[in-house]
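Asker: This is what each chain is made of:
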Amino acid sequence: MSERRHPLVALTVARILEFVREPEALFWVFAFPIIMACVLGFAFRDRPADPVSVGVVAGPSAGTISTALERTGIVRPRTYSTVEEGLEGLRTGKITLLVEDADGLVYHFDPTRPDARLARLEVDAGIQRARGRRDPAVPRDALVHEKGSRYIDFLLPGILGLNLMGTGIWGIGFSIVNARLKKTLKLMVATPMRKSDYLLAQILSRFVFLVAEVVLILAFGVAVFKVPIRGSMGLLALTAILGAIGFAGIGLLVVARARTLEAASGLMNLVMVPMWLLSGVFFSSERFPKAAQPLIQALPLTAVNNALRAVMLEGRGLTAIAGALLIITAWGAASFATALRIFRWQ
Amino acid sequence: MTLVSPAIACRALRKRYGNVTAVDGLDLEVHPGECFGLLGPNGAGKTTTIEILEGLTSPDEGEVTVLGRHWGSHERELRERLGVSLQESRLTEKLTVIETLELFRSFYARGRDPEKLLADLSLEEKRDARVGKLSGGQRQRLAVACALAGDPEILFLDEPTTGLDPQSRLQLWERIATFKAARKTVLLTTHYMEEAERLCDRVAVVDHGKIIAEGSPAQLIARLHAPHIIEFSTEPAVNEPFLAAIPGVSERRQRDGRWFLAAGSLAEAVPALLSALDGAGARLVSLSTHRSTLEDVFIALTGRELRDE
Numbered sequence: 001m002s003e004r005r006h007p008l009v010a011l012t013v014a015r016i017l018e019f020v021r022e023p024e025a026l027f028w029v030f031a032f033p034i035i036m037a038c039v040l041g042f043a044f045r046d047r048p049a050d051p052v053s054v055g056v057v058a059g060p061s062a063g064t065i066s067t068a069l070e071r072t073g074i075v076r077p078r079t080y081s082t083v084e085e086g087l088e089g090l091r092t093g094k095i096t097l098l099v100e101d102a103d104g105l106v107y108h109f110d111p112t113r114p115d116a117r118l119a120r121l122e123v124d125a126g127i128q129r130a131r132g133r134r135d136p137a138v139p140r141d142a143l144v145h146e147k148g149s150r151y152i153d154f155l156l157p158g159i160l161g162l163n164l165m166g167t168g169i170w171g172i173g174f175s176i177v178n179a180r181l182k183k184t185l186k187l188m189v190a191t192p193m194r195k196s197d198y199l200l201a202q203i204l205s206r207f208v209f210l211v212a213e214v215v216l217i218l219a220f221g222v223a224v225f226k227v228p229i230r231g232s233m234g235l236l237a238l239t240a241i242l243g244a245i246g247f248a249g250i251g252l253l254v255v256a257r258a259r260t261l262e263a264a265s266g267l268m269n270l271v272m273v274p275m276w277l278l279s280g281v282f283f284s285s286e287r288f289p290k291a292a293q294p295l296i297q298a299l300p301l302t303a304v305n306n307a308l309r310a311v312m313l314e315g316r317g318l319t320a321i322a323g324a325l326l327i328i329t330a331w332g333a334a335s336f337a338t339a340l341r342i343f344r345w346q
Numbered sequence: 001m002t003l004v005s006p007a008i009a010c011r012a013l014r015k016r017y018g019n020v021t022a023v024d025g026l027d028l029e030v031h032p033g034e035c036f037g038l039l040g041p042n043g044a045g046k047t048t049t050i051e052i053l054e055g056l057t058s059p060d061e062g063e064v065t066v067l068g069r070h071w072g073s074h075e076r077e078l079r080e081r082l083g084v085s086l087q088e089s090r091l092t093e094k095l096t097v098i099e100t101l102e103l104f105r106s107f108y109a110r111g112r113d114p115e116k117l118l119a120d121l122s123l124e125e126k127r128d129a130r131v132g133k134l135s136g137g138q139r140q141r142l143a144v145a146c147a148l149a150g151d152p153e154i155l156f157l158d159e160p161t162t163g164l165d166p167q168s169r170l171q172l173w174e175r176i177a178t179f180k181a182a183r184k185t186v187l188l189t190t191h192y193m194e195e196a197e198r199l200c201d202r203v204a205v206v207d208h209g210k211i212i213a214e215g216s217p218a219q220l221i222a223r224l225h226a227p228h229i230i231e232f233s234t235e236p237a238v239n240e241p242f243l244a245a246i247p248g249v250s251e252r253r254q255r256d257g258r259w260f261l262a263a264g265s266l267a268e269a270v271p272a273l274l275s276a277l278d279g280a281g282a283r284l285v286s287l288s289t290h291r292s293t294l295e296d297v298f299i300a301l302t303g304r305e306l307r308d309e
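Residue numbers (my numbering), protein chains in the order written: chain A, 1 to 346; chain B, 1 to 309.
Chain B on its own, in the form it takes in the complex (with noise of 0.2 angstroms):
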């Protein structure tokens, strides 16, 4: 795909835990100075994914680099040129913002000033507070700070915005917004759509420890080959052979007494609906539209919803 060689690459990766195949079979590569995103409900394997590439559990099967390095024989020199933030860690929560910082910039050889750190992530107020007084997103932009401690080429975040209310998870998307613009690399996973479609130049939609899509947010939305969805419901309710008969509808399902109608022009399929349902006499409850996200892309490759929790 490109000359240049991968941040991060991996081939036929394989993990498991007794009989729970967590990763099976799983090839990726990251582009340097992209932003990319393991997508997935939880329990997909994106944990397992990131902490075999962040070099904290050993895969059973496959082969990955980091930098053009093996975790194996170049760990220090890697841990100092990377960033990692890990799902449900805990920082110690006697120690102050400050302290924290200062104890993860003393790790690394070279790295940031933990005073432009804050700063960056709108921590000052916060300067002397312990941990342990912190809000949640307080919490999880520290978490973020420390994995920049070492001024690191590649950050990699384990569902950074998970639990977070949205001004706290608007001010991480900026921050690792501006982290990217430096031209470093990222890789995150979540289940948040949205954040995959606001961060992420390329996903990876993972599912059961396979990636079963990849390419950027976009190019997978498009490949439904339908922008918008028509969701309503009706009373009585009406079957699929009715709604097969509905012109620019190009996917139905149903879910909890609601249709969703995948459709490539509003304009074509809902005037054919309201005069359909019409002469079969159903009546209308509750009619919207929205234009396909991630989330759409997700249900339309596994028939599953993508669950926060």
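Okay, chain A solo, but in the shape it has when bound (with noise of 0.2 angstroms):
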């Protein structure tokens, strides 16, 4: 006879170990966040305004237009030979607005786009200063540069919770998957061990990969870009805590039933690429319609990701939060306790 691990530790260690073993499990919970980061940290780092290219139609007034245009410092005026000719340029996106003075000033643009409306003030005011106007009011720019209202600010925490999804979904789904396919779980279920064992080792092994995971994730945002970190430490922990469990548990119903890979990868984007886009992660949820909020809201990613922010953007403390931490907390559950009724072993 022999001493023995309790099985939920022999099981968690193992799953561990199996993990670490797997280059390219590692690459993509840990590179790959950070690689993301960069690109994208660097790509809205601060910097002037991209300027924006406008068409001028060659012309008598053109050479002015054109002086006007660049002394605002923001246009960048390009000639045209022909209205045709610019109208192409607009249309293919080389610029956003064209000017033409032939009978009277013209402006061409898509007032559906941003940018063109944007660039018609610019271009009007730059056009009116230089044939007389004279402005009543000359207001001066105080430019905000503030840490914690970049993009980059904005961006990091979504990473996080991106991050806290992905592995939790695709580490744990995928293995799963496999060792159905291989039979593994069956072997296991001819033993004694208790099946909600193996599902919370699942859970529990991810405890170690999050804080490597979280940490380093952190740590590159505060070195790199001095993202800040303005609320506490332990609740921004306990956050990305019970995140990890939730999209764990998330993990788990997602592939309860699932019989080869392919159906597994499918049913893994179903539920995770609308949370890509609805969540939060690279732009605001805000943005979606109103209608749609409540269901956007009650998304586990959401609340990951609201709480993340107002953590460590907002420092905001635990009653400000309690809501999303409840939020991912009951979905971590329920799924949980659905993906144990409903798991196929064999």
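Just so you know, these hints were derived from the structure itself, not from any lab. All of these numbers come straight from a predicted model, not from anything done at the bench. Note that beta-carbon positions come from the ideal geometry of N, C-alpha and C, so glycine has one too. It is possible that part of the hints are untrue.
[Claimed, not checked] Derived CB-CB ranges, DEER-like:
1. A/Trp-345 / B/Ser-5: 26 to 32 angstroms
2. A/Ala-330 / B/Glu-77: 46 to 52 angstroms
3. A/Ser-196 / B/Gln-87: 58 to 64 angstroms
4. A/Leu-277 / B/Glu-77: 23 to 29 angstroms
5. A/Val-20 / B/Asp-60: 21 to 27 angstroms
6. B/Gly-18 / A/Arg-257: 33 to 39 angstroms
7. A/Thr-338 / B/His-208: 48 to 54 angstroms
8. A/Leu-181 / B/Gln-219: 37 to 43 angstroms
9. B/Lys-116 / A/Val-20: 24 to 30 angstroms
10. A/Ser-196 / B/Asp-60: 24 to 30 angstroms
11. A/Leu-261 / B/Ser-135: 23 to 29 angstroms
12. B/Gln-254 / A/Leu-181: 51 to 57 angstroms
13. A/Leu-261 / B/Glu-77: 34 to 40 angstroms
14. A/Trp-345 / B/Gly-62: 21 to 27 angstroms
Hey, can you piece these two chains together into the complex? The hints should help.
Answerer: So, in structure tokens, the structure goes:
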């Protein structure tokens, strides 16, 4: 007779070993979010706004108009010999607005494009001033470059939330479907192992990676982009833990019955892609119509992202994020309970 | 048959998958301490039967008791007392041999020391090797080691040596024999006649989900009334009425241009055959004899061969 470890501990350790011995999995969990944050962070780093390309149709006044536009510092003019060529440039997106001065000034632009409407304002102001308009009031621009209000500050908590979801659902999903395909699961249910121990171990093993994953992404954001963490670290940790458990539970449910890797990855995408878009990773979820808001706010990733941003960027306390934490916990608990009931072991 | 209650018993077992009846009214009794073999070709219903007995598949009809208990009411207790090795199940490739054994050991309240199991199955050298790097024979031995982790009273083995090289097969046979020597019960399925003859105290020949013969290998062979098989081919070929005249031959079958004669005595049948062929002007192309095996029993019972895959 020999001593044994508790099966839950043994299963969790086995799952962790299995994971760390899979180099691809490590890459996706740790390197991918950092690469993504780097690319997006640099793409949206602090720098003067891109100049707006505006076309000017050749004519007697084209030279003075171009000079006036250049003087704004924001508009970059280019000349077209005919209106048709200019309109072609507009259609293909080379310019956002076309200025024609044959029978009086004409601005060609697409009013549904916000950048075209802005271009119209800038172009018009530049031309009017060049032709002698005097502004009654001259304002002074005070530019905001405060940390915490830049795009990268908004983005980093979103990437953290995205990663919690991705590793929870992918990390758990593929390993379970693999074990089911290879009949490892069937072999395990032929032993006295408790089924709930197996599923719980999948969730518990997530904690180890969670610490590394969250610390790494946060440290990267703080060190490279000086992203602020205004709220308590404890609350941030709590949010990450509840988020990880919640998504692990959802991951279990997603693959509870899938028989093939193809079916599983289809289901995983079906669950994750809408949240990539709706849950405020890259832009605020508030942009979606009001009617859709109750649904969007109830999504687990929206809850996690909202809580992470509230703690990191606004320094909010537990009461402010309690609702969001409740949502993700409820998702996790309900998913786990359902998964345990409908799980296919063979 | 015995007063001891059976280790495994089932009655009128039936299991259908759509239109296919995998198990069709199967009765079975395995006594404590014996090694019992379910013998039959692929698709005969062996795996479905053993998985029903292991409590992994529920039968459509029929009753199963294992160690006097029912699966429905005593699943956990039974799982603690049984060891199972499945056909085609793969262990996690990223874990090492010892990690795998320790994992399986953790599932059982009582059990064997993983290090001892390694030694028992000659896997000490592979102790820290990943499962993914093992050969087929080593994997199969590890699978049996996992089945033994809980020090079971009954060991279920589904096709334990399929696809193994002869040496690995011998090693596994030795290990199963040791387990049996400790007065434990083994139920195995196989389509290797040699395996059944070597290991099993009793076998049941399964075909189309039914048991068509049952007994010790020696009993089954004895039932052929012909301990020898004469296999030959001639040029030109001879026909059945011609062979019917040869004395001492109880059965005649033709396959792939060869004749197979079941004979009680070679000394009687072979000279008679040779002189008859000589008289008919048929030239002998090949001739061989062997002692009847379970393979011949199966052919006699079903008219078909047990194929290897």
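Asker: Now, for every hint given, state plainly whether the structure supports it.
Answerer: Evaluation of the provided hints:
no., hint, in the structure
1, A/Trp-345 / B/Ser-5: 26 to 32 angstroms, "holds (30 angstroms)"
2, A/Ala-330 / B/Glu-77: 46 to 52 angstroms, "violated (36 angstroms)"
3, A/Ser-196 / B/Gln-87: 58 to 64 angstroms, "violated (27 angstroms)"
4, A/Leu-277 / B/Glu-77: 23 to 29 angstroms, "violated (51 angstroms)"
5, A/Val-20 / B/Asp-60: 21 to 27 angstroms, "violated (45 angstroms)"
6, B/Gly-18 / A/Arg-257: 33 to 39 angstroms, "violated (19 angstroms)"
7, A/Thr-338 / B/His-208: 48 to 54 angstroms, "violated (40 angstroms)"
8, A/Leu-181 / B/Gln-219: 37 to 43 angstroms, "holds (42 angstroms)"
9, B/Lys-116 / A/Val-20: 24 to 30 angstroms, "holds (28 angstroms)"
10, A/Ser-196 / B/Asp-60: 24 to 30 angstroms, "holds (29 angstroms)"
11, A/Leu-261 / B/Ser-135: 23 to 29 angstroms, "holds (26 angstroms)"
12, B/Gln-254 / A/Leu-181: 51 to 57 angstroms, "violated (44 angstroms)"
13, A/Leu-261 / B/Glu-77: 34 to 40 angstroms, "holds (36 angstroms)"
14, A/Trp-345 / B/Gly-62: 21 to 27 angstroms, "holds (22 angstroms)"
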